[in-house]
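The lines below spell out each chain.
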Amino acid sequence: MMTPQEEQEKLLEEALTVVRTQSFQMKRCLDKSKLMDGLKHASNMLSELRTSLLSPKSYYELYMAISDELCHLETYLLDEFSKGRKVTDLYELVQYAGNIIPRLYLLITVGVVYIKSNELSRKDILKDLVEMCRGVQHPLRGLFLRNYLLQCTKNVLPDAEEDAEGGEVSVMSHAAPRAIAGLNKMVNSSDADAGTVRDSIDFIQLNFAEMNKLWVRMQHQGHSRDREKREQERRELRILVGTNLVRLSQLECVDVEKYKKLVLPGVLEQVVSCKDAIAQEYLMECVIQVFPDEYHLQTLNSFLHACVDLHPDVNIKNVIIALIDRLAQFSRKGDVARTIPMEIQLFDIFSQQISLIIQNRPDMPPEDIVSLQVALINLALKCYPTKLDYVDKVLETTEEIFHRLNLDHLDAASAVSRELARLMKIPIDSYNNVLELLKLEHYGPLMEYFDYQARKSISTHLILNALENETVIPSPEQVEGILNIVGPLVQDQSDQPEMDDEEDFAEEQGYMGRFIHLLSGDTPDQQYLVLSTARKHFGNGGNRRIRHTLPPIVFAAYRLALKYYQLREEDEKWEKKCGKIFQFCHQTIGALMKAELTELPLRLFLQGALVISQLDFENHETVAYEFMSQAFTLYEDEISDSKAQLAAITLIVSTFEKISCFGEENHEPLRTQCTLAASKLLKKPDQCRGVVVCSHMFWSGKSKDRAGKELRDGKRVVECLKKAGRIANQCMDKSVQVQLYVEILNSQIYFYENGCSEIQVSSINELIAKIREDLPNLESNDESDQINKHFANTITHLKIAKLQSSSNFSYDGLDP
Amino acid sequence: MSYPELKVVTVGQFRIGLCHGHQVVPWDDTESLALIQRQLDVDILITGHTHKFQAFEHEEKFYINPGSITGAYSPLDSKVAPSFVLLDIQQSTVIAYVYQLVGEEVKVERIEYKKC
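Chains A and B, in that order, are what the protein sequence lines are. The first sequence stops at residue 816 when you use the working numbering, and every number in between is there. The second sequence stops at residue 116 when you use the working numbering, and every number in between is there.
Hints listed in this document are in silico derivations from the structure and should not be mistaken for laboratory results. Note that this is a predicted model, so its numbers are computed, not measured. Every residue, glycine too, gets a C-beta built ideally from N, C-alpha and C. Be careful, since some hints might not be right.
[As the list claims (entries may be wrong)] Distance condition first, Cα-Cα at most 30 Å in a straight line; then the derived DSSO-like pairs of lysine-lysine:
#, chain 1, residue 1, chain 2, residue 2
1, B, Lys-114, A, Lys-704
2, B, Lys-79, A, Lys-789
3, B, Lys-79, B, Lys-115
4, A, Lys-213, A, Lys-260
[Said to hold, decoys possible] Here chain A is said to cover these stretches of chain B; the calculated rule only asks that three of the stretch's residues, wherever they fall, bring their Cβ under 8 Å from a Cβ of chain A:
#, region
5, 17-28
6, 33-45
[Unchecked claim] Which residues of chain B face chain A? A partial, calculated answer using Cβ under 8 Å:
#, residue
7, His-58
8, Asp-77
9, Pro-82
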């Protein structure tokens, strides 16, 4: 038992064997100039094409093999004719072949020879042939027969304009299946009537119509259970029908006028009237592909009108989109000559016709409706880039449709949501300027139709676009506009799901943080309003969000204050404005405190104090003090981890050291508090280090009362270092103790070399000796290695320093 | 995720110390940086925090502050020019390539440091 595939192969092989044998015989006879015998063999060969057993694929192979062989025959005959050896009545002779298939194939072959040899009227022969083919009504055989006709006549179709002499327009009556007898006897016209391009058009239109009918008829052949297989076979054959349209497009004398009047109407009529979905869909797309875009522009209304009447199963959206995309491409080719002529209101035409189509198809799935809107918006953006209102119109239409269909809260995974998201992203990607989006009235409202997922995705896309294009947002209204559209990224939404991936969340809030740096008013006053607006929106973002979004706002505010200071000559109100800004910052950082954050607000207050100290607006000392004490309060109340405490106090002290705006009244309490805090740290090593850090306040801390110069209170420095030494003595861990000694030693050196004469060389020597004593007793491990190296480096430094002479200090008496 | 405050890496013949710099009191003070260098026992000390590019030799050790690659705001300096540094370590020589964005132009500087 053979599979269907094997059966086909066997049948095809058998047929091809016959073809080989008969064609061999045919050629042998022709070589011996035995034409009639040759024709007999040709006829036998052609009889294989009478089969009903072959699939379209196999039939095609057989057909190709035979067409090849028939070329020999054509060549032979052309040769004979050219040598003057016309065979009389050949045209009639071949019609005596027994069966219609061989008869018609031979007739076509001979007919073409006659045309090429300028025998008889080309126009008449063509007409005769195309009519004669009606004799084969079997779809598969008929399609291939007519294809053979089309291929053979490829280069002989008349392609000339109507001649002015007005040659006799011979109207051929509808030919009966038998050729008009004695055709070859009508040799009276001297100029064998060559025909004009009109005749070619008629010829092809007729061939096309007949082929289409045959093709459609295939749909209804056979059992309903084989429908899918049949439709697949039909699709395999579609190029046969399409070739007619290709041939029409190859006629050089067909200009846009002829296309409009003679070509398109006939084609469209055939397409619409056949009422077959497969044919309609393919042929409409074929028309779009095969004819030039200039033609389409001039015939839009007829084409689109035909679309309205197509079978409901036709995927009309693909057809329309193919056309729109082609025209959009066309208009972008840059060449001035190629722009859309003003009279053709492309957008309006498509907009109206698409509405009609949608109206006519109540079952059209919403995602297809959106796809059409996507095509329209692409058209608007590509062909009319300056017309924002076209884009808005598309959005408005979409919104209306969705409202009418009662669609809402579209599931992000659904086709319609995906398609609509595509629609929304197109203006973003096309304008590359989110400020343009704000001009689209219907953009924001359309966002509301999505579910949370999709809204978030589109919002993220929007923000990323702004970041990539570094789009500056200059006005508070625009800030408001954008933050409203990207709501899911700014504030909690009513339809927000519970869980969120931490990393993703942090990443997306990172984008928002970066976005804040794009908010930049044209003037400082404008910028203040911008930041206030942003603060209002982001402030409502909830505790998870504000830690990412409020810090950038604070920093932007610090920069703004600096700006005001730099422009102080031009603005007499600058001092009040600075004051207001720091109030704004104070409040904003306060919000972070309320969200139970500690490290972050502490650092922000310290940063603020630094900025404030540099801008001498009215009361700035008080404000700076406030910021410092806020930082301190956070330290005292909220930071409980000992490692964090040491780090925090270090930060506070090192910040304080840089601030020069405090008078003694303010400087003193801060110094005292810091030192106290350091000495109250829980762990001894931390206490020791903390106190050492504080010593710097007394040395290089700067006071307003001393015109910003350093305190250089050597006495207090020494006190701190001595205290640190005492604390180190209390450490139980020997290696930690020695480590601390080395650190204190280094601090001594630091201050001594900086000119602190209250430090005695003798105390340095003492400490060195103590360390030398203790080092060898340490257990040998990585830690003690480290300490040893530290000490060695210190000694090396001292040796170098001793040799150098300096005005600040002298190491006489040093015993390193 | 927490990172250490200080780190030493060895590349070729060089011990390189990394420290953000906000822990060094006073900030941006050469001698106080030297304290860290001695403690970590490194040939090259890399710090940051100030957003100000610096590269110098001090007592035969190399100190680098690559500045801020994004030109981020710093309260210590109102104009931050974006900069970064690449270290090319070959045997006992390090070549630091300093890239700075001055206006619209990228300027490149070459600084050599040899280990003693």
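Now the hints, each set against the structure:
1. Lys-114/B x Lys-704/A: Violated. Lys-114/B to Lys-704/A sits at ~44 Å, over the 30 Å cutoff.
2. Lys-79/B x Lys-789/A: violated (39 Å)
3. Lys-79/B x Lys-115/B: violated (34 Å)
4. Lys-213/A x Lys-260/A: Between Lys-213/A and Lys-260/A the Cα gap is close to 23 Å, so the pair holds against 30 Å.
5. 17-28: Coverage by chain A holds here, the residue count being 6 at a Cβ distance below 8 Å.
6. 33-45: Coverage by chain A holds for the region 33-45 of chain B (6 residues, Cβ < 8 Å).
7. His-58: Hint on His-58/B: violated, closest Cβ of chain A at ~10 Å, above 8 Å.
8. Asp-77: violated (11 Å)
9. Pro-82: violated (14 Å)
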